[in-house]
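Enquirer: Position chains B, C and D against the provided structure of chain A, taking the given hints into account.
Next come the chains, spelled out residue by residue.
4 protein chains.
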Amino acid sequence: MSCFQVRTDLALEARESIKESEDGIRGVRVEETYDEKNEIRVTKVIIETKNGAKAMGKPMGKYVTLEAPGMVEQEEDYHQEISSELARQLKDIIPDIQKEQSILIVGLGNRDVTADALGPNVADNLFITRHVVKEYGKAAYNKSQMHMVSSIVPGVMAKTGMESAEIIKGVVEQTKPDVVIVIDALAARSTKRLNRTVQITNTGIHPGSGVGNHRDALTKESLKVPVIAIGVPTVVDAATIVNDALADKAPANLTELNNMYVTSKDVDYQVKQISHIICDAINEALEL
Amino acid sequence: MSCFQVRTDLALEARESIKESEDGIRGVRVEETYDEKNEIRVTKVIIETKNGAKAMGKPMGKYVTLEAPGMVEQEEDYHQEISSELARQLKDIIPDIQKEQSILIVGLGNRDVTADALGPNVADNLFITRHVVKEYGKAAYNKSQMHMVSSIVPGVMAKTGMESAEIIKGVVEQTKPDVVIVIDALAARSTKRLNRTVQITNTGIHPGSGVGNHRDALTKESLKVPVIAIGVPTVVDAATIVNDALADKAPANLTELNNMYVTSKDVDYQVKQISHIICDAINEALEL
Amino acid sequence: MSCFQVRTDLALEARESIKESEDGIRGVRVEETYDEKNEIRVTKVIIETKNGAKAMGKPMGKYVTLEAPGMVEQEEDYHQEISSELARQLKDIIPDIQKEQSILIVGLGNRDVTADALGPNVADNLFITRHVVKEYGKAAYNKSQMHMVSSIVPGVMAKTGMESAEIIKGVVEQTKPDVVIVIDALAARSTKRLNRTVQITNTGIHPGSGVGNHRDALTKESLKVPVIAIGVPTVVDAATIVNDALADKAPANLTELNNMYVTSKDVDYQVKQISHIICDAINEALEL
Amino acid sequence: MSCFQVRTDLALEARESIKESEDGIRGVRVEETYDEKNEIRVTKVIIETKNGAKAMGKPMGKYVTLEAPGMVEQEEDYHQEISSELARQLKDIIPDIQKEQSILIVGLGNRDVTADALGPNVADNLFITRHVVKEYGKAAYNKSQMHMVSSIVPGVMAKTGMESAEIIKGVVEQTKPDVVIVIDALAARSTKRLNRTVQITNTGIHPGSGVGNHRDALTKESLKVPVIAIGVPTVVDAATIVNDALADKAPANLTELNNMYVTSKDVDYQVKQISHIICDAINEALEL
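Residue numbers (our numbering), protein chains in the order written: chain A, 7 to 294; chain B, 7 to 294; chain C, 7 to 294; chain D, 7 to 294.
Only chain A is shown next, with the shape it has when bound in the complex:
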């Protein structure tokens, strides 16, 4: 596996691909819980040291993965369970969420490309309050406490001529949110996680990953406020699939597979569905 760089945005998969000693990887802590009734598995990977970060190829921080096979099934009751669990995990990872805050939600990705439209889809349906609270106060909602929620879909560089990071920085400096939540489609290593896995991390977003090429650093360092990233793997690189199938046999010529990805036949439907679940989860998590 040494020379072929496996491309995965999931800390869970990064960890699986590392040969472990009996005691796990030093500096990386893993906790797992399983909700049998709802078939929801939550795995927390906490990278605690620089060595752990190096071993994992990911920055230090928390990575929470929620897996639920039925995430794309049509039963609405079940989606409710998943989005509520997701809301709990979000509340756990967003700093000081019980205090009133100004929260900017960023929907990364290209709304015209199915597998990359997760971010825009979620942003389109959020419960947005900042403009109302600013104009009429919390009274408009009959609430004593209220976050000010705003959102933006920056678009992709091929269409804007700007890096998403430039746009986000400008908006952050102008509107001064206390925390930024970024949503994006991810690339996974294994098809079995496509569209049924959500990763939440407090490390923000780092260049060179994601479905499109729209990923510049969006981190606490670059934006000066905490950045929570929510991601869902919607594609696998075609070359990765073939390479994994070949295992230790001599690799085939895979150049033909450049710019190809593997995705579910139902990707259009599934991305809509999961966008809905994440949107519900954010709305629930941001209610005071």
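What the hints contain is simulated information worked out from the structure, not anything from laboratory work. Watch out, some of these pointers could steer you wrong.
Which copy is meant is left open, so a pair is good if it fits within one copy or across any two.
[What the hints assert, rightly or not] Cross-link-like lysine-lysine pairs, in silico, DSSO-like; alpha carbons within 27 Å at most: (1) K60 to K105; (2) K149 to K43; (3) K226 to K60; (4) K140 to K230.
Expert: This is chains B, C and D only, laid out in the frame that chain A set:
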């Protein structure tokens, strides 16, 4: 006209509704040319003094209106003539357009509301160069001179929780364009101008007009760079229509018409068509 | 009313525009109920005789109108009440609905034109069972009784080159449904009914009405099976509005208003919402 | 090839996968031409005998494949060359195309699923004449000769509850076209042909192939008129890719890849582009 505020974003209509002395309105100069072959009428209204601005209810500056009855017809050759004329007028009004510049184009409006989607539609199809020039230089286009063109669709306040002006200001401060071009759908007073009139002005955009409620000031004062606005009337307020039909008869009760507008039965098709024409015009105007 | 033909597809409005004697119109029976809690008004206009049909300008049959001001509001619980009431009215008007049947649902209109997209929107989200029951039997749904539900969106003549009626007749002869349900956007006379009124009739669809020009006769005579039509007014002719405002004053020149309609500023959102309500109502009504 | 059924809708690929004797396959004739300037390769596979059909696993008839690597590039002039070549091949294969005819064009597939939306996309933009010729005669177009062109998008079984073939049969019996042209997205075996290959055949469409599950027989036998099929491979089965890469090594466990496909990262853009080319080609071929 005194008590019933006629709502129009067109300087041309504002002028028509003023009773003129023999010599026209003081401080307002009007020039008109007509291209008979292509049936394109270009009217320039130049407001030169504060008194003229007061009489017109519009800020001092240039307002160029291009009217072409066939703007929505299906003949592509004809569209070419219109967009070329539009390109000439744009080149005339953008300061120092013959020199290399960084130009940010803003598509105002709501992409999910037909009559308000003009700005987003235009922005989606522009020839964007900033990211390529920044990364690879002008050589990437085999050109010795090249504008750096970028664009953004800020979205509407109900969805973002932010004023468009906040987003644009942030992006302008971050990316420092030399000029901003803003595209938006307008409200007209008369149905005969719907979807066949384009207004270009160097006064930017002023609050309280437009189809949606997404119009904060976007002017040289607020953004610190020249702001060119391109607008197309896509709707008429229903109350305006009835009031105009009634003329000097006693007005009927028009409250029922609040939140109603009059638009063409073909508005969906026509907005797409005219977006295409404006997009072509901008691309042509910004070629060096 | 004599010389200016008021254009309305609503039997309710046709009746309102007729000067009545003390005893109502002969041959036309009207029943009205009002659900105060949910603010739902149901009006049944039953045209019982040829004379009644002549007076009303509509064929003999039942016309049930459901009006609910909050049909376009954002509260989901309330929508549930409306769609359940609609389901009850549908069950009341579809012949033999308690017996297993094959039911074809037709979504008329143009999916690319906002105000005309009601039919296609509803059809896109129905619970379709015919292919499953035919292939696997009712067992696939764990049911002892099950309608076979199919649906089609024929498209508009400008795009198909065929009348909707030709397509529907072909499909009916091929698949032999027991009843046809047709959904279409209507034109109303008054803006106060736009997007908050649903009309159900057992007289099918008659030429020369509706938002688009896609309305050929779809009736028991032409299709040989009962035809239930569900319609929602989404636009008013602009000329009608002005004419109504003018009342008995001399009419203005309204030619400018040809091909113009009046609609709500929120028409895009409202049509989606009401499509959802009708879709839920049909799914509920067709459950055995 | 014996035990693992390679799934391809392309006759070209079926032929490549057969080990040939020196003289080719009996009963299968192949002609190839290459336009160097425009890089367009046209391959005709003519299956002339039952034995040839058996060897190929495809019915007797003509299969014309047009390959052009730049089909998805952004240069419009080049697209013009491709669609003109396609038009020539279409004119060659449609029986009696120089005589006035009634032609029904069917856009198979699901408009909400990117890789399957080819048929609907093409149908949406055709030049439709049947309704005008029927109503106003050829004079409406200032032509002495004119085909009557109609089109339909039947939708997919999951949404209609009907087989496409049922709908098409009904429409054919009702409107009696002289020839039917069917457009559909295909599955290829090799990613190198995705979105840059068009196959035209006079054998119609046969069950069990295509991207979706919407392919019932649409042939001269079932519809009683000649059926021309136009197809473009937009996906490859993920299992096929892996199997091909493995070559003669023992196959890996591929169950994980069920319901997965491999497609281009630009599939959304490419399907739009190629729909445009095919639409232009049909419009050109059907002009008299």
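Enquirer: Hint by hint, note whether the structure agrees.
Expert: Cross-check of the supplied hints:
| no. | hint | verdict |
| --- | --- | --- |
| 1 | K60 to K105 | neither (35 Å within a copy, 49 Å between copies) |
| 2 | K149 to K43 | between (35 Å within a copy, 26 Å between copies) |
| 3 | K226 to K60 | within (20 Å within a copy, 49 Å between copies) |
| 4 | K140 to K230 | both (23 Å within a copy, 25 Å between copies) |
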